[in-house]
Structures are given as C-alpha cells and as structure tokens.
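Visitor: Here are the chains, one letter per residue:
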Amino acid sequence: MRAKSIYLHNVIRKLPSAAILIAFLGFWEWLAHVGFISQQLWSFLVPPSVIVARLFTLFIEGGMIFHISATLYRGLIGFLIGVSVGVVLGLMSGWFRALDEIVMPIFEFFRPLPALALFPLLLLLFGFGDLTKIVAVALQCFFATLIPTFYGVKSVDKLLVDSARILGARRRELFFDVILRAATPHICNGIRISIGVAMIVVTAAEMLIYIVGQYGLGSLISWTEVSRDYPTMLSSIVVVMLLGFFLVWIWLRVENRILFWVRETAAERV
Amino acid sequence: MLPFIRKMLLRYKVATLLIMFAFFLVWEVLAQTRFLNLYIWYFFRPPSTILSELIYEAVSLKLLYNALFSLYRISLGFVVAALIGVPFGLVVGWSRLGNEVFGPLIDLFRPMPHIALYPLLVLILGLGDQSKIFLVTLQCFFIITIGAMYGGRSVDRLLVNQLKVMGAGDKELFLDAVIWGAMPFIFSALRLSIAVSWIALVTSEMIGATEGIGWSILFYEKSSSFAAMFAYIFVISILAGLMLQILLFAERRLLRWHRALAI
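Chains A and B, in that order, are what the protein sequence lines are. Taking the numbering used here, the leading residue of the first sequence gets 1, the next gets one more, and so forth. Taking the numbering used here, the leading residue of the second sequence gets 1, the next gets one more, and so forth.
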C-alpha cells in the first residue's frame, strides 16, 4: 500500500513537467499543421508525429536495433575498459606514494585534454573500425574515473584510518575495509559521469568518421543529414538522447543499492 | 617576484617538473631512434620537432588566430550557459513550485548527449560560430542547472530556520544562505562542464569549420604534418588546463570555508 502511494506520488510529481513537454511538442506539431514547417520551409524540423511514425518503421524494418547495439557495444566496451583501468590506477596511486608522485603528474597534464582531440591520431593508429571509437571512449572514461577515485582515496578521513590502525587492522584490511569503502561514493561519482561522457564521445566519434553502411547511431545521424533524410535523422537523435538518459537512469538505481549508507540519494549528487 | 617564484616552485613541486621532463625525454629518445622501427614513430614525432612546429605556428600567428576563435566560441558558450544556468537552477531548486514544475524536466535532459543535436543545429544556425556556441551552451546548461538545482535544494534547513528566526526576509535568505550553500555544487558542475564543453567544441570544429583548434588538428592530420597536429593537441591541453586552473583558483577563493576537494 505504502509502496503504491509512493509510486503514485512520483507519477503526480512528474505531471507538470510532462505537461510542458507535451505543450512544446504540440506547438511544434501545430507549426507544421499551420504550414510554417513544410517541404520548402524549415523542412528539417520534422513534426513529432512524423518522427514517431518513422521511429516505428525504423524499429520494425529499418534495423534500428543493429544501430543501437553497435553504439552500445562500442560505448560499453570502452566504458568498461576505461572505468576499470581508471578505478584500479586511481586506487593504486592513492595508496602507493611512489605511484602518486611519478604517474599522477603525467596524468594531471593530460587530464584536461578531450579524447576527441586525439581522434585524428587514433584514426591513424587504429583505423576506421570499432577499435578507434572504443579507445576514444576508454580514454575519456579513464580520466573521468581516475581523478575522482584518486582524490577520493586521498580525502579519506585520517581519523578513520588511525582508528582502524589502533584497532589492529593490517594493511590489507585497511585498504579493503576502510579506504575502499570510504572512496566508494567518489568512485560511483566518477562512474556516473563516465556514463554520460561515454555516450557523448561515442556519438561524436561515430558522427565524425563513418563508412556508409556502418552501423551506429552517430553515423546514422550524420549520413541521414547528408542524404537529407530528415525524419530518420531526427528519430535517431531522439533514440540517442533517450539511450543516454536510460543508461544513467539504470546506473542511478545500481548506485542507490551500492551506496545505501550514504544519506542523500544518489540523484542528489551532481 | 622572488617569493612568488619560490611559492610556485613549492606548489608545483620540482619533482613533478622533473617527471614531466623525463617523460618527454623518453619520448624524444624513442622517437629519434625510431625504437624497434615501429610505424607509430611516423605519427609520434619527437617533442623537439613538435616544439619547433609550435614556435613556427606561434610566430606565424596561426596559433593565435585559431586559439582565439576556439576560445571565443567556448568562453561565450560557457559563460552564457553559466549565466542562465546558475540563477535558473538556484530558483528552481529553492522554490517549491519551480522544483515541481521544472525538476523532472531537467532530470530528463541532463544525461542526454546533446552533441547528437549538432547536425540539426547546423541546419538551423549554419556552420558558423553560432551553432558551435549554441552546442557548447546546450551541453553545459543542463549540467550547470542541475548542479545549482541540487545545491539550492540541499541548503541546510536548520540554517534557513535560524536565519528566519533572526528576521531574514526572502531576499536576504536567498542572497546570504541559498547562494552560498549551493556554491560547492555549482563549482563541481562548472568543473565538469569545462571538460564536456571542450569535447563539444572540438567535435563541432572537426565536423565543420574553417578555423579553430579542433579544425587545425584535423587539418594537420589530413596533411600528414603530425608534429603540428601534436602541437595543437598540446595547445588544447594547456588551454583547457588553464581554464580549469582559473576555476579552481576562484573556487579556492570563494569557498575558503568549505573543505572542498580539488577534483
């Protein structure tokens, strides 16, 4: 009963936003109806009804599933590689002083560099296939998790560490039971940022370089723009945006489970 | 001047500089000797060549030209996003009505990759500066807004009640408590959006531009002058790092009272 009322409350809370969204879409549709958007004028602002119809066609017979899975494959593999390397290296350089002083300066120098700036170089090294995109995503995710993890380890309460020591914790226990636990919110923070960033980078990389016929939502956007197939272009934009939203939404659920002991809910952290 | 130099040396430890130097030295040696005859040394030119190329670009004013265009686009986009996003997010987060009307909408749009909209923006605004500035603004706006929104929402209720008891009006409450309480959130959002805005800018310049750093990287890659390409990659790294440092400086100044993480 209680769960149901919370659910209902959540739905009611979202009604005004939904109303704004629907009003906007309705206005857009009305513009097309009045003739402000037509074959001759603003033809790329395809009205929502056409986009929805095209989405159905694309999902049923247009192979949209293959585009989505290609993008997800590149994004997820890159994300997993980048995040795992970033977390492990971040933890290690927070733990070992030598690593902190030798490796971190180099990473600090390359940290503000957007991975897409390296994209032409990656293209030369890894070719036009999936690997280039995966490496670009991995690089960006690596930095997005490395830095929060590192500072998370560094900012662990000294009192906590000392207390654990006094209570007789060995180095191993100190690392796994105190430092890793205390750094988890920061790691989760980095991972959540990485998901958003991974979607941005994978879309951008696919938009930059594509071979016609290669699957991928970014490529679909780019080559439907070039071939002036605006309904498909807008529907694939909608799919990319919703995909980005759902991936973060799923992660927020996971994060709430992992961080059940943190007072504010996961969504409340930027 | 001398104490300043000493302070800088202490802050950016000498060891750090030495390690950076060692890193580039190893690169230099490997590239000069074409280690194992790997093909990658064709792309990874030695740092000395990159440096001379950088100096050439700087002297011929090409560097300034491209950097100014990129900086103009990114700073305008970023500033506009911050100027709209911070007040909007604060108001939305603070007021109950705003929270209910706009909260879920911002939650919905925040994690989306707005870069996917770039082809559409090009069609609407053209390939010039406007579409790039607007893309940067769009990508940053939701990050900054949601930062300010959660900041405004998470202001200490006890503090607010105390201020009310002491007779603070709505205006004072907002100016003295809400803005300052939200500041750490806003700054962490600004830091994230600097990183994201550079991604957006570089991508948009690579897709279609006739000047700018992103365009230069792609141009020199296509014309196989990889030293110049690396020079521009380092320029981006330095400029983005500089923006981040300026922000961190402002953060340290404004948030002295807050034990902030320097992430």
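It is worth saying that the hints were derived from the structure and are not from the lab. Don't be surprised by glycine CBs; every beta carbon is placed ideally from N, CA and C. Keep in mind that the hints are not guaranteed to be accurate.
To be verified - Partner residues aside, some chain B positions facing chain A, computed with beta carbon under 10 Å:
| id | residue |
| --- | --- |
| 1 | GLU53 |
| 2 | ILE84 |
| 3 | LEU108 |
| 4 | PHE109 |
| 5 | ARG110 |
| 6 | MET112 |
| 7 | PRO113 |
| 8 | TYR118 |
| 9 | MET206 |
| 10 | THR210 |
| 11 | TYR232 |
| 12 | LEU239 |
Visitor: So, for every hint listed, does it hold in this structure?
Guide: Evaluated hints:
no. : hint   : verdict
1   : GLU53  : violated (15 Å)
2   : ILE84  : violated (17 Å)
3   : LEU108 : holds (6 Å)
4   : PHE109 : holds (8 Å)
5   : ARG110 : holds (8 Å)
6   : MET112 : holds (4 Å)
7   : PRO113 : holds (4 Å)
8   : TYR118 : holds (7 Å)
9   : MET206 : holds (6 Å)
10  : THR210 : violated (17 Å)
11  : TYR232 : holds (8 Å)
12  : LEU239 : holds (8 Å)
In the structure shown, a violation is registered for the earlier hints numbered 1, 2 and 10, in ascending order.
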